[in-house]
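Engineer: Sequence:
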Amino acid sequence: MSQFRWGLPAVFQFGGLRRSDPIQRILLEHGDIVVWGGESRLFYHGIQPLKAGFHPMTGEFRYNLTFRQAAEKE
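In the working numbering, the protein residues as written are 135 to 208.
Everything labelled a hint here was simulated from the structure, so no lab data went into it. Keep in mind that the hints are not guaranteed to be accurate.
[Claimed, not checked] Here are the simulated distance ranges between beta carbons:
| # | residue 1 | residue 2 | range |
| --- | --- | --- | --- |
| 1 | Leu176 | Glu208 | 13 to 21 Å |
| 2 | Phe138 | Gln158 | 17 to 25 Å |
| 3 | Gly187 | Pro156 | 27 to 35 Å |
Glycine included, C-beta positions come from ideal geometry on N, C-alpha and C.
Construct the entire structure; sequences and hints are all you get.
Structural biologist: This is the structure:
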């Protein structure tokens with residue numbers, strides 16, 4: 135899985151297979167790319183609510199483009 139991000143900074147939360155697993159928090163800024171695969175593609179993940187702000191290219195917004203490779207059905 136690959137995610138490309140533009141605009142306002144955001145805190146990415148990356149957990150485990152269970153909601154009760156510890157969470158890592160990573161600050162993602164304009165132009166950052168996050169890549170993960172294997173079992174971790176099943177981990178709980180998300181973005182904390184955005185803080186108000188302004189980015190010269192995207193204004194008050196944050197954009198995310200996600201690419202996933204899905205397995206073919208057998």
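Engineer: Hint by hint, note whether the structure agrees.
Structural biologist: Taking the hints in turn, this is what the structure says about them:
Here the CB-CB span from Leu176 to Glu208 is close to 18 Å, well matched to the stated 13 to 21 Å. Between Phe138 and Gln158 the CB atoms are about 20 Å apart, so this pair conforms to the stated range of 17 to 25 Å. For Gly187 and Pro156, the Cβ-Cβ distance of about 28 Å falls inside the hinted range of 27 to 35 Å, so the restraint holds.
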